[in-house]
Amino acid sequence: MLSQITAITGLNLKSIPERWASSLVIVVGLAGVVAVFTALLAMAVGFESTLKANGRTDAAIILRGGSDTELNSGLSRDTATLIKQAPGIRKGADGLPMASSEVIVIAELVRKGDTTNGANITVRGVQPEAFALRPQLKIVEGRAFKPGLRELIVGRGVTRQFQGAALGQTLRMRGSDWKVVGVFESGDSHDSELWADAEVAQTTFGRGGFSSLLVQLDGDSAFQTLKDALKADPRMSVDVQREQDYYSAQTKQFRQQIGVLAGFVTLVMALGAIFAALNTMYAAVAARGKEIATLRAIGFGGLPVLASVMIESMVLSLIGGVLGAVIAYVLFNNFSVSTLGQNFTQVVFAFKVTPGLVITGLVIALVIGFFGGLLPAWRATRMPVTTALRTA
Amino acid sequence: MTKTGFVFANLFRKKTRTTLTLLSIIVAFLLFGLLQSLNHIFNAGPDFLGATRLITQARVSFTQPIPLSMLPKLESTPGVERATHSQWFGGVWQENTQLFVFAVDPQRQHEVYPEWIMPDAQWKAFEQTRTGMIAGRNLANQYGWKIGQKIPISSNIYPQKSNGSKAWAFDLVGIYDGKDQDFQKRTITVFINHEYFDEANQFSHGRTNFYALKLKPGADAGQVARTVDAMFENSPDETKTMTEKDFNIGFAKQIGDIGMIVRWILFAVFFTLLLVVGNTMAQSVRERIPELAVLKTLGFRDSTVLGFVLAEAGALCFIGGVIGMGLATLLGAFLERASGGQFNIALSPPVWGMGLLAIVLMSIAVGLLPALRAQRLKIVDALAGR
Numbered sequence: 001m002l003s004q005i006t007a008i009t010g011l012n013l014k015s016i017p018e019r020w021a022s023s024l025v026i027v028v029g030l031a032g033v034v035a036v037f038t039a040l041l042a043m044a045v046g047f048e049s050t051l052k053a054n055g056r057t058d059a060a061i062i063l064r065g066g067s068d069t070e071l072n073s074g075l076s077r078d079t080a081t082l083i084k085q086a087p088g089i090r091k092g093a094d095g096l097p098m099a100s101s102e103v104i105v106i107a108e109l110v111r112k113g114d115t116t117n118g119a120n121i122t123v124r125g126v127q128p129e130a131f132a133l134r135p136q137l138k139i140v141e142g143r144a145f146k147p148g149l150r151e152l153i154v155g156r157g158v159t160r161q162f163q164g165a166a167l168g169q170t171l172r173m174r175g176s177d178w179k180v181v182g183v184f185e186s187g188d189s190h191d192s193e194l195w196a197d198a199e200v201a202q203t204t205f206g207r208g209g210f211s212s213l214l215v216q217l218d219g220d221s222a223f224q225t226l227k228d229a230l231k232a233d234p235r236m237s238v239d240v241q242r243e244q245d246y247y248s249a250q251t252k253q254f255r256q257q258i259g260v261l262a263g264f265v266t267l268v269m270a271l272g273a274i275f276a277a278l279n280t281m282y283a284a285v286a287a288r289g290k291e292i293a294t295l296r297a298i299g300f301g302g303l304p305v306l307a308s309v310m311i312e313s314m315v316l317s318l319i320g321g322v323l324g325a326v327i328a329y330v331l332f333n334n335f336s337v338s339t340l341g342q343n344f345t346q347v348v349f350a351f352k353v354t355p356g357l358v359i360t361g362l363v364i365a366l367v368i369g370f371f372g373g374l375l376p377a378w379r380a381t382r383m384p385v386t387t388a389l390r391t392a
Numbered sequence: 001m002t003k004t005g006f007v008f009a010n011l012f013r014k015k016t017r018t019t020l021t022l023l024s025i026i027v028a029f030l031l032f033g034l035l036q037s038l039n040h041i042f043n044a045g046p047d048f049l050g051a052t053r054l055i056t057q058a059r060v061s062f063t064q065p066i067p068l069s070m071l072p073k074l075e076s077t078p079g080v081e082r083a084t085h086s087q088w089f090g091g092v093w094q095e096n097t098q099l100f101v102f103a104v105d106p107q108r109q110h111e112v113y114p115e116w117i118m119p120d121a122q123w124k125a126f127e128q129t130r131t132g133m134i135a136g137r138n139l140a141n142q143y144g145w146k147i148g149q150k151i152p153i154s155s156n157i158y159p160q161k162s163n164g165s166k167a168w169a170f171d172l173v174g175i176y177d178g179k180d181q182d183f184q185k186r187t188i189t190v191f192i193n194h195e196y197f198d199e200a201n202q203f204s205h206g207r208t209n210f211y212a213l214k215l216k217p218g219a220d221a222g223q224v225a226r227t228v229d230a231m232f233e234n235s236p237d238e239t240k241t242m243t244e245k246d247f248n249i250g251f252a253k254q255i256g257d258i259g260m261i262v263r264w265i266l267f268a269v270f271f272t273l274l275l276v277v278g279n280t281m282a283q284s285v286r287e288r289i290p291e292l293a294v295l296k297t298l299g300f301r302d303s304t305v306l307g308f309v310l311a312e313a314g315a316l317c318f319i320g321g322v323i324g325m326g327l328a329t330l331l332g333a334f335l336e337r338a339s340g341g342q343f344n345i346a347l348s349p350p351v352w353g354m355g356l357l358a359i360v361l362m363s364i365a366v367g368l369l370p371a372l373r374a375q376r377l378k379i380v381d382a383l384a385g386r
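Each protein sequence line maps, in turn, to chains A and B.
Residue numbers for the first sequence follow the working numbering, beginning at 1 and rising by one.
Residue numbers for the second sequence follow the working numbering, beginning at 1 and rising by one.
Simulated from the structure, these hints should not be mistaken for lab results.
Just so it is clear, the structure is predicted and the values come from calculations on it, not from any experiment.
Misleading hints may appear alongside valid ones.
[Unchecked claim] In the EDC-like style, the derived pairs of lysine to aspartate or glutamate whose C-alpha atoms are separated by at most 20 angstroms in a straight line are:
1) B:Lys161 <-> B:Glu199
2) B:Lys161 <-> A:Asp78
3) A:Lys290 <-> B:Glu287
4) A:Lys252 <-> B:Glu95
5) A:Lys252 <-> A:Glu48
[Claimed, not checked] Taking beta-carbon pairs under 10 angstroms as the criterion, some of the chain B residues facing chain A (in silico):
6) Leu20
7) Val27
8) Leu35
9) Arg59
10) Val60
11) Lys166
12) Phe203
13) His205
14) Asp237
15) Asp246
16) Gly250
17) Ile255
18) Ile261
19) Phe271
20) Gly278
21) Thr280
Beta carbons: idealized from backbone N, C-alpha and C, even for Gly.
Kindly generate the complete structure, drawing on both the sequences and the hints.
See below:
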């Protein structure tokens, strides 16, 4: 049995070059499906991993009660000072709490290649501790801003996607000029931000208080200690979240939207690809009707014939799938785009074509190949030998 | 047998093949219709909005509030007939459903946005009820709101001054409609009384997010925009003024370059499709070479034979394309209704236009090579099977 399957399958596969034009239909069809599937999900994965990179479990972010994003939050100067004195926050070498009160405002920058419409960019006013709290952030060009001056450092993602914020350029915000003195990289969503001194940002934008506080937690139980302490304090109403939880909550909606889009498009394209595969395999079976009948006549069983047609269809599909994955990888891996994040500002991220995605894509290709081959294979085995030998 | 009959008879000589090819085309155009429609929203924006209104926002971003004291200055700008202001409330319905809620001046809103239709008594009630709100018809229907009810809406930004709570409640005093079908779809916004909001919230006083300026007939929008922006230049509250259309496009563009991704998908789909249908046509011509030779022997001209093959490709693409676009139209309308009108994906005439263009281009692309082959066929060679 097995030897029969191998024999016929070998025969089929070796004859593919003679029928390359129609076999190409399966390959190209499947390449299309897998490329689209992989690219769409690579976008979702890229977005998620960018926001996840922010997430530390040993840091907590504090917002005003009931505001789910930094943009909607607001804490008065007094509240911010009170929070810093709460238990559970680690003290630095200088004996001061490791915490950064930050103020978020939004500026508009124009996307490269666009002329009129601005996109929202986060401007984050930070205190000096902010850098220690985010060790992943490195200044790669220029220098840090000087406290008290209208100077900015910009994330790598911003310089890549938007105009007017390169090193040495001047940005105009609220009637004042800001000089870009440095470029930083952090590998997370801060790459999409502009950073400035908190005090200067507050005065320029007319903000008395802060938007959020980021604090370093002191040990495992510190989160609960801090949360309880702040909750018990009647002078404030705030939400305390681990930094990781805050950012992963933000990816949920995007993940769902892309998931639905990818699912729908892949399903519809897969249907189209199955029709194409059916067409090709029916033609292949019809063209070899006599050949198959001859094999049957000299004693080959129905199952080997069935298996050979299905294997051919699946091999072609797999080739198509690999081609599609390669196309998606070459065109889209590390392809940088930006979209609106939860703070109503742009998050710059890159597509990530992961091995997991590629494998899923190939499995989809095999499934399509299986169904595309099934009916034609069935027809091939059901063909009465005598009729098939006589016709054509 | 007529020529048309002949084309169809040929088309259905291999029923399985034709059906499968037809199905591939239908699927491709279904995707084409929906994606193109999505693309259209992102690139063109709602194009029924005229340039009759300008939007003035803070230059740095519309999230930065600007003072209400600008209003008289804006209204006295030459070319401006009336101005109104809107402030984003950050409305949340029940647990986590974001609502479009703006704090406005009722009377000004009524004058500057004539597309929202509501009985005069309700406009009056909106002006006179401090805690009043009005809602669009679609939104009210979606949540079953009735006039006279007190609607609990939370804000994710503004606590109340009285008790520090972000849970607000407003009296529904009116439900507005759109002036036509396009606007009716957009009746999903809630308006509340700015005067009340300004007093009752904890920290935003005398500010708004943006102004809408209704222009006098014949006023030059570009000129007015420049005048307004020049007026506030070098102040802490520099402005950016643009047409409502540009404002809306900018809003959609924030979501990112969806258009680019959609174009890539379409490219992949069409390339695949072209190959499938092209291959089928080539196959069917190959099989019929002796027949075509017989036709020529009988005296059919080369051009007629070319016409037969092209017509077959055209018929296949046209039938499949129209069915596919039809399905996309149904599905789009369904999705739009299911999302309560927020996901505006129903197929518009321009999308249909692009679909028809794609059908024509595809027919030529897949039919031309086999058709030329049929035309150039030498009778002797073909009959001899060479």
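Does the nearest C-beta of chain A fall within a distance shorter than 10 angstroms of the C-beta of B:Val27?
-> Holds - the Cβ of B:Val27 comes within 10 angstroms of chain A, reaching about 4 angstroms at its closest.
How about B:Lys166: closest beta carbon in chain A under 10 angstroms, or not?
-> Nearest chain A Cβ about 5 angstroms off; hint holds.
May I ask you to test the interface hint for B:His205 with respect to chain A, counting a Cβ-Cβ separation under 10 angstroms as satisfied?
-> Hint on B:His205: violated, closest Cβ of chain A at ~12 angstroms, above 10 angstroms.
Holds or violated: is there a CB of chain A closer than 10 angstroms to the CB of B:Val60?
-> Where the cut-off is 10 angstroms and the nearest Cβ of chain A is about 5 angstroms from B:Val60, the hint holds.
Verify the interface restraint on B:Leu20: the C-beta must sit less than 10 angstroms from at least one C-beta of chain A.
-> Since the shortest Cβ distance to chain A is 5 angstroms, the answer is holds.
Per the CB criterion, is B:Gly278 less than 10 angstroms away from chain A?
-> 9 angstroms, holds
Identify whether the interface hint at B:Arg59 stands, where standing means a beta carbon of chain A within less than 10 angstroms of its own.
-> Check passed: Cβ of B:Arg59 comes within 8 angstroms of chain A, closer than 10 angstroms.
Would the hint on B:Phe271 stand, with a C-beta cut-off of 10 angstroms toward chain A?
-> At 7 angstroms from the nearest chain A Cβ, B:Phe271 passes the 10 angstroms test, so the hint holds.
Could you grab the alpha-carbon distance between B:Lys161 and A:Asp78 and see if it respects the 20 angstroms cut-off?
-> 18 angstroms, holds
Holds or violated: is the Cβ of B:Asp246 closer than 10 angstroms to a Cβ in chain A?
-> With a minimum Cβ separation of about 6 angstroms from chain A (threshold 10 angstroms), the hint on B:Asp246 holds.
Satisfaction of hint between B:Glu199 and B:Lys161, Cα-Cα up to 20 angstroms | 8 angstroms, holds
Cut-off 10 angstroms, beta-carbon criterion: hint that B:Gly250 touches chain A = 4 angstroms, holds
This entry does not satisfy hint 13, going by the numbered hints stated previously; all others are met.
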